[in-house]
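Fit chain A to the given chain P structure using the hints.
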Amino acid sequence: MQTEFTAEHSHLSERDNRALISVFSAYTVTATLWLLFATGVGLLMAFKFGAPEFGPGAWLTFGRLRPIHTNATFYGFASIALVGLGYYVAARSSGAKLYSATLAWAGLVLFNLAALAGTIALDLGYIDGDLEYREWPWWIRLIFLAALVVTAWNLIGTVARRSSDDIYLSNWYIIGGTLWTCIIAVVAIVPWYQYGLGQVAVSGFYMHNAVGMWFTPLALGIIYYTLPKLLNRPIYSYALGVFAFWTNLLFYPIIGAHHFEFSPLPWWLQTIAIVFSVAMLVPVWGGSSNFLLTMRGRTSDMVHSYPLMFIFVAVMSYLIGSTQGTLEAFRSLQEVWHLTNFTVGHSHLTMYGIIVFAIWGGIYALLPVATGKQASKLGMALHFWMALVGCFIYVTSLSVGGTIQGLDWVHGLPFIQSVVDMQGYYVWRGVGGLLMFLSHTVFGWNVWRMCYGPGAVASPLESLRAEEAVA
Amino acid sequence: MNKLVPIVGGSTLVYACLACMMGVLPGIELSKVPAGPGVEPLTALQSEGREVYVANGCSYCHTQQVRPLNQDKVFGRPSAAGDFAYQTPELLGSERTGPDLTNIGVRQPSSVWQYIHLYNPRAVVPESIMPSFNWLFDVVDQAASGVTPIPLPKAYASARSVVVPTHKAEALIAYLASLRQPPWAGTEAVSGGRPMPDMVSPTTTASAPASASLAPPGIGYDAAKGAALFTANCSACHQANGEGLPGAFPSLKGDAVVNDDEATKHIQVVLRGLHDAKVGGLVYGSAMPPFAATLSDAEVADIVDYERSSWGNHGKPVIAAQVAAERAKAQ
Numbered sequence: 002m003q004t005e006f007t008a009e010h011s012h013l014s015e016r017d018n019r020a021l022i023s024v025f026s027a028y029t030v031t032a033t034l035w036l037l038f039a040t041g042v043g044l045l046m047a048f049k050f051g052a053p054e055f056g057p058g059a060w061l062t063f064g065r066l067r068p069i070h071t072n073a074t075f076y077g078f079a080s081i082a083l084v085g086l087g088y089y090v091a092a093r094s095s096g097a098k099l100y101s102a103t104l105a106w107a108g109l110v111l112f113n114l115a116a117l118a119g120t121i122a123l124d125l126g127y128i129d130g131d132l133e134y135r136e137w138p139w140w141i142r143l144i145f146l147a148a149l150v151v152t153a154w155n156l157i158g159t160v161a162r163r164s165s166d167d168i169y170l171s172n173w174y175i176i177g178g179t180l181w182t183c184i185i186a187v188v189a190i191v192p193w194y195q196y197g198l199g200q201v202a203v204s205g206f207y208m209h210n211a212v213g214m215w216f217t218p219l220a221l222g223i224i225y226y227t228l229p230k231l232l233n234r235p236i237y238s239y240a241l242g243v244f245a246f247w248t249n250l251l252f253y254p255i256i257g258a259h260h261f262e263f264s265p266l267p268w269w270l271q272t273i274a275i276v277f278s279v280a281m282l283v284p285v286w287g288g289s290s291n292f293l294l295t296m297r298g299r300t301s302d303m304v305h306s307y308p309l310m311f312i313f314v315a316v317m318s319y320l321i322g323s324t325q326g327t328l329e330a331f332r333s334l335q336e337v338w339h340l341t342n343f344t345v346g347h348s349h350l351t352m353y354g355i356i357v358f359a360i361w362g363g364i365y366a367l368l369p370v371a372t373g374k375q376a377s378k379l380g381m382a383l384h385f386w387m388a389l390v391g392c393f394i395y396v397t398s399l400s401v402g403g404t405i406q407g408l409d410w411v412h413g414l415p416f417i418q419s420v421v422d423m424q425g426y427y428v429w430r431g432v433g434g435l436l437m438f439l440s441h442t443v444f445g446w447n448v449w450r451m452c453y454g455p456g457a458v459a460s461p462l463e464s465l466r467a468e469e470a471v472a
Numbered sequence: 024m025n026k027l028v029p030i031v032g033g034s035t036l037v038y039a040c041l042a043c044m045m046g047v048l049p050g051i052e053l054s055k056v057p058a059g060p061g062v063e064p065l066t067a068l069q070s071e072g073r074e075v076y077v078a079n080g081c082s083y084c085h086t087q088q089v090r091p092l093n094q095d096k097v098f099g100r101p102s103a104a105g106d107f108a109y110q111t112p113e114l115l116g117s118e119r120t121g122p123d124l125t126n127i128g129v130r131q132p133s134s135v136w137q138y139i140h141l142y143n144p145r146a147v148v149p150e151s152i153m154p155s156f157n158w159l160f161d162v163v164d165q166a167a168s169g170v171t172p173i174p175l176p177k178a179y180a181s182a183r184s185v186v187v188p189t190h191k192a193e194a195l196i197a198y199l200a201s202l203r204q205p206p207w208a209g210t211e212a213v214s215g216g217r218p219m220p221d222m223v224s225p226t227t228t229a230s231a232p233a234s235a236s237l238a239p240p241g242i243g244y245d246a247a248k249g250a251a252l253f254t255a256n257c258s259a260c261h262q263a264n265g266e267g268l269p270g271a272f273p274s275l276k277g278d279a280v281v282n283d284d285e286a287t288k289h290i291q292v293v294l295r296g297l298h299d300a301k302v303g304g305l306v307y308g309s310a311m312p313p314f315a316a317t318l319s320d321a322e323v324a325d326i327v328d329y330e331r332s333s334w335g336n337h338g339k340p341v342i343a344a345q346v347a348a349e350r351a352k353a354q
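From first to last, the protein sequence lines are chains P and A.
My numbering puts the first sequence at residues 2 to 472.
My numbering puts the second sequence at residues 24 to 354.
Honestly, the hints are just simulated from the structure, not real lab data.
Misleading hints may appear alongside valid ones.
Think about it this way: if two alpha-carbon atoms lie no more than 20 angstroms apart in a straight line, the pair counts; the simulated SDA-like pairs of lysine to any residue are [to be verified]:
| no. | chain 1 | residue 1 | chain 2 | residue 2 |
| --- | --- | --- | --- | --- |
| 1 | A | K55 | P | L270 |
| 2 | A | K96 | P | L414 |
| 3 | P | K98 | A | L27 |
Next up, chain P with everything else stripped away, as it sits in the complex:
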């Protein structure tokens, strides 16, 4: 299975190489712009919990910014960044050139067009219902679907040209995730089975699958490629990775209804969702232990390599955040945590901790190899620590505050007491959010250095790794 790793791109022409690198860079740059925008909006919203009049008027009202923040993060930043990485990983691990650079550029235009149109529509109050993560008007979601189809076609075409017989595991995840998400997008758009409670069932399915069958598989695919590259050793168990792939595929689509526990959705549908939320421990523990065993004994390298540190945080968040998700699904805990800020903490621990850290690890590991330009060690250090500490403060404050909020309700206190009790935690959430946002500005600087900066001299270990990776 390791043949893919040695089958490198030596036979590729310089022109094909350049085409791949500029696609990868362009996806990363636009994704970074979306990250800055989306988290800037998030920061503004965080302030509103302490100062509700901060940012007045219709265009800056919380209820419009909330879907702008989530959709721009999901479909602007994370999707574009993951697809850019996905193209690079698919081409490199297959030892092939991109099937079509033109299609890749067309996809990039479509992704950005959708995110831009969606953002503007939401701010003007054009919204397809307050249906989490599918708020964009349906025709804008069709643009996004077109981008997905283009991407899937291009990825399949690229991997079909691979120089070896086997398909490296990363590509299973990347292509699979893209095709599954096409299905999710279609299910979400077709209106005929979405009336009243029927739409609630579809919402449960959608809001969970859009996250876990799109971002998670792509992020895992990136880790399966990046981690062995950075450590220069094969993944601990290829078979375990394959096992996690199929179990994730079988269990994950079934658990969406756990977002509507105690709702009028059929009780059995909720129960099945809870049962399979527990079953999700199998792919989660399988996948994360596979990564950790690959890293085993190499902690000293980790200290010297920020890309590895980012990946390590992503793996730990995958383990902790997903296990937390299983626990949250139990009715006894939902009774306290459901509808509180605890869930907001959970979604940031997973989306930010897993997906975004994996994206950053992938970009820091692969973009310098592609462009031959390095980000400064200080820049990566600042980014890493501010993002990590910020996310820790964010998640901790909302987890503790959310628990108190839930207990206030259980104890039958007047509702307003739960608002008052959250105040201090909202402030800490703002502090964490500010650090996270600042780290993103540093990331922007680092991306600029890696794409357009001078060919800086990196630390000995990293330039060694870069040489190894290219060799």
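Coordinates of chain A only, in the frame set by chain P:
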């Protein structure tokens, strides 16, 4: 293409089947759930209001689902499948930064309160962190004939101009007023709905008799409980200082009914609510909701006693048995 087909094609086929099973099929089946008894479609104005609600993302902070849990009883009876027949797009929501609104038309029937609260929530609930929706209002020198300006508290009003709702605000308030749960056929609706003993958390059920036993009947009342109940049910209008809002909600401080030793009227108002109340020579147009269905005799007694002993009031305290007697009287 050899291995691409089984891996990519196979996994996508599996996923398509699962998506149908967990998304599409439940969607088809549940879309057919008929409206429950008493569940009516919205009027044109209410629908328009619902669109304002959706466009401004109200449901990111307000749920519209009452769970069959003790802590949700304050929001109404547990939501039933038939309640959602006319609700597309669905507005169940995922967070309760603010209270659930399933039954807000019953819990807060006063449109005057809703208008003031929408214009600036802190004008009636000082601790609120809801955004002001003042951009759904017009500030004019003088209200057109037939339009009643919003009776804002002094701190939020300008001396020279008045505030009137736009059409969107009127539609939104009409929608909120329409959010009334039709009662269930059985009387168990009020007392908790779907029996689910293992779901019911012991805390609230246990605390009620315990705190009641602290207050020997006829001698005193549980002041902490009375204060909490007042905050949860009354202070949004009558305010924490009992003084209400001039022109909008009557003051309880020094009020004749509250200080009358004969408590019949006081208890009756809490149980049955009030319309077009004439207090101190002023007629208050906003309606007060009845609490007979949501509060027990002991809880009504606690609230009445709290009002009778706060802000310098000194009405004669009442006991739960008096409330029970008033409740038994024909309306």
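| request: Report the numbers of all earlier hints that the structure fails to satisfy, in ascending order. | output: none
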